[in-house]
Amino acid sequence: MTTTPRTRASGHPPTTAHAGRPNSPAPHQDAPLGFQDLPRLMSLMTGAEKHSPAATSTADAVWVLHDRVLRLSPDTANHPERDRFLLSKGHGPMAYYATLAAKGFFPVEWLAGFGGYDSPLGHHPDRTLVPGVEISSGSLGHGLPLAVGTALGLRAQRLTDPAVWVLVGDAELDEGSNHEAIDFAGATGLGSLHTVVIDNSSATHRSSNGIPERFRAADWAVRTVDGRDHDALCEAFTAPHPGRPLAVVARVEPKNG
Amino acid sequence: MDTMRERFTTITSQLLDGQTRLAVVLAEIGADGFTEAARRHPERVVNVGIREQLLVGVGGGLALSGMRPILHTFASFLVERPFEQLKLDLGHQGAEAVLVSANGSYDWPAGGYTHMAPGDVALLDTLEGWTVHVPGHPDEAEVLLREAALGGGRVYLRLSNQTNSVPQKVGSSRDGTPGGFLTLRTGSAGAPVVVAVGPMLDATLAALEDTDATVLYAATVRPFDHRALRRAVEGRASADVVLVEPYLRGTSAARVAEALETVPHRLLALGTAPEELRRYGEWEEHVAAHGLFGPRTTLRAPLGTRRQARGVHRCRSTTVRRGLIDAACSARTAGPTRRVPDLVTVP
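Chain order of the listed sequences is A and B. Reading the first sequence from the start, the letters are residues 1 to 257 in UniProt numbering. Reading the second sequence from the start, the letters are residues 1 to 347 in UniProt numbering.
So that you can see chain B by itself, here it is in the shape it has in the complex (with noise of 0.2 Å):
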């Protein structure tokens, strides 16, 4: 199986060659990949060299004359070094692109803290109208990538190494709106509802393997799909939703309480943890690290002695030390009395 981030190089290219207002702009990154369709179209696949404000400066401008720009580098420096330019040359303009990113988290772990962007999402979060596709499979990210690029709006597409074993039917319903969640599994009432969002959904539901628990699916979180939220916990007098997101810890938290503006609930966050591990190593190591892994996967085996799990301990999450399981389950079992640091309780 290709990469997600090598199935938007072959499909990128495809969809150049019939659609002349498609524009590719990178900053060297990933620029290798495009090399045979720069070729075919060396007007609309533009290298800026290693100049992100450019970057995203470029594709308000191509959008601003009438194009549809796709702008693609590692998230650090798509979103964040260059994160006024998405302000202004994008949302300010009223211009409209599709950004498609790689590494987002922790993809590489090898090359440290600069190339690590958890915050990404939190980021787009402070600004106004785009949607956030987070895919967890290379087939999600093809159809989802399809319909940015032949579509409109300002579109953030969060590619990964991570992935699911299997795709999911993501996208735009027939009518045209935003992909909405998938309800995968329906749990008894009383159940916790665990938002599982792209590359976390095998892990989630290994954890849950035993649990009694809805689950449902986000390979798209902007806009967060309020109605799926509210329908599974329908008729309930108190809800306990655990959300389980491959970026920061606690980006969908807020979207949550919208949703759940009128149900008493209580919410568990779980993502990345924002201190910084200072570890280099492999992704599967950070999983485990920020504790987002089901018990019965093998990414536990490995780092299962404590000597080796050190980097464990130095984040201060609870849940790292609960695993996703037991937190699914504090979800459902803490009472109001019990003490449980991760759990927001609402009156």
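Excised from the complex, chain A in its bound form (with noise of 0.2 Å):
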């Protein structure tokens, strides 16, 4: 193949991996969008305004992050001093895109291409093609691990300010690489590190109580709040964990209830 498809596509992205990423401003719609937007923005991606919970299981928790607690936008998008924020759990990632575009960090015009071949929004994001994304998922259980990772480095390079948050699945813990991480985190008081878990109750095989015990078990500080209630959401995120990383559990209603 001599070209790539992408780049023949008329008004599509760029696509090399930090083209668009801003350095450059990247003002792509006139009046800010709110969370009331994200319906109509997903729908762009599924034809359908009405989704199922598990497609916004989510979208509480992703939007509240990026409009009240991460230092990130898409003017710092690369800025060493930002907020990371890994969404491991890439299945899925409709709110996630479209809380992306609401915030600027790509048009809201490629919304409409999702899944499709010339578009970069794929059903797992590829960090290398969308701007603000911080690492490609998919497979589960690598989020937590990189995060880990992400933080230790930016400590070793004397950056102290960023905080780290990666989002998994109640089911994605089941993963065994995650308890890698988990261990090694809150035996080492990582406390640049947050944890979210979206509970919608998904995993095949968990005591009702498993995720909160599991993460303090590793002397995380834990915090359990409803995944719908934007508040209570923003004070779990925000609350004090001195010298441990931080898990919010966020439960939603059942993937299957």
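Because the hints were derived from the structure by calculation, they are not lab data. For every residue, glycine included, the Cβ atom is placed at its ideal position computed from N, Cα and C. Hints may contain errors.
A few chain A residues that don't get close to chain B, going by computed Cβ distances all over 10 Å [as the list claims (entries may be wrong)]:
(1) Lys103
(2) Gly189
(3) Arg216
(4) Val225
(5) Ala232
Footprint (simulated), chain A over chain B, 3 or more residues, beta carbon under 8 Å [said to hold, decoys possible]:
(6) 38 to 50
(7) 65 to 77
(8) 84 to 95
(9) 108 to 117
Need the complex rebuilt from these two chains, each delivered in its own frame; the hints are there to steer you.
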């Protein structure tokens, strides 16, 4: 193949790894978009205004983080001091894409191409194609270890301000790689690390209070909140946790409830 | 002389002092050697415990944050166990790191098959963009390590207890292109071209002492130096090539085929047999069992009797019985009608 199809598509995004990442300003829409716009933005990807709870399980947490918590914007998406948000649960990224589009990381027009050959927006995100996306995910159990390494790397470079956030699903915690990361981060007191667990009771084998107990046993600070309550989420996300990593378990409707 | 692995510990500890972007990640194995470096640089020498998936994931995260991570453990736990992490946490992220392995094929055979990884280079071959160094001497290992630590890219440095008696001049050329193959001997037109990889050089040269052959030396096998191989057979209507690799037999066979796409050729690939030997002992005995010895080297002596060489016969490779020198001669003299199982005849 001598030319990539993406470069031939009209009105489509830059294809190189960092082109379009906000060293250059990227004001992609006139009026700021809010949480109430997410259903419309998500419908651009799926053609359906109404989504199942599973498809939106992450929406509130992702929105509150980007809207109220993370020091991150299109203009600072490459800044060494930015907060990092790693979407480990890469499956079902519509709410994430919608949030990034609403916040101006890339044009809303990109959403319509979701999953298409010429689109940078796959059903699992690719960090080299989408501005603002910190990791390429899809295979479960990779985000937490990558987040631990990112937190260690920032600390080694004396970048002590940035927080590192990783979002995982409750079923994703079945993967053993997470537990390598959870134990290490807890035991070494990696205070800049934050994990949001979206708990929609989708794990096949787990006791009802297993997730918070698991983090607590590894010396993490732990909060459990209603994953649809924005104020409660924000309060949990910003709770002090000196000398310990923080896990916020955000409970939403059961996937198969 | 120190071992490659001891040299790695010494040099990496020194590099940590001057290079603030450099970090070392370990999973217990090798951590003792870095005690002093960890005291000086507690934030850049990280021992994650016996957690190899985390070892590679942390390496990926460090790289994403702007560091140059060096990950070290035995090859079986660095490449085989966390293989998907290599694929995704480094490759797919577009992240770069240096992997330094020890105990590659059978450096510690008393440890058994769980501690052997003859397929490591073949596995990395399924991934994009890895530079693979297989040094044959601690001095070579040092040159390649320094380049890898200070440079970029995804680099696999395969350290071994097996060494050649003298170091070769390895590493990148002045223009920065990765180290190509060295031409150590030039045979007559029609003589086989033998590519010896890393620690296989001494045995290869010993085997070819009285044999007309061109000998290329590869301490860097990926990228494969297509040009050097083509140059070695330039002007020939057909070519005989012998690959001598210290890991899984035939690992570079496809690369030879690519290089000689337009040259009718036969290939004899020598290396570690895929069959489990189920033997302990010393690495020298395993070298012999896999047929990777030169008849004039002393390695043959302790395995000279049939009884002691029992393990040899459990390997199917005909090269085991022939030895390298016979193999090289066969490559040169075998006609197209003679059945030589290890030779691939290209019409």
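Here is what the structure says about each hint:
no., hint, result
1, Lys103, "holds (21 Å)"
2, Gly189, "holds (13 Å)"
3, Arg216, "holds (20 Å)"
4, Val225, "holds (26 Å)"
5, Ala232, "holds (29 Å)"
6, 38 to 50, "holds (count 5)"
7, 65 to 77, "holds (count 4)"
8, 84 to 95, "holds (count 7)"
9, 108 to 117, "violated (count 0)"
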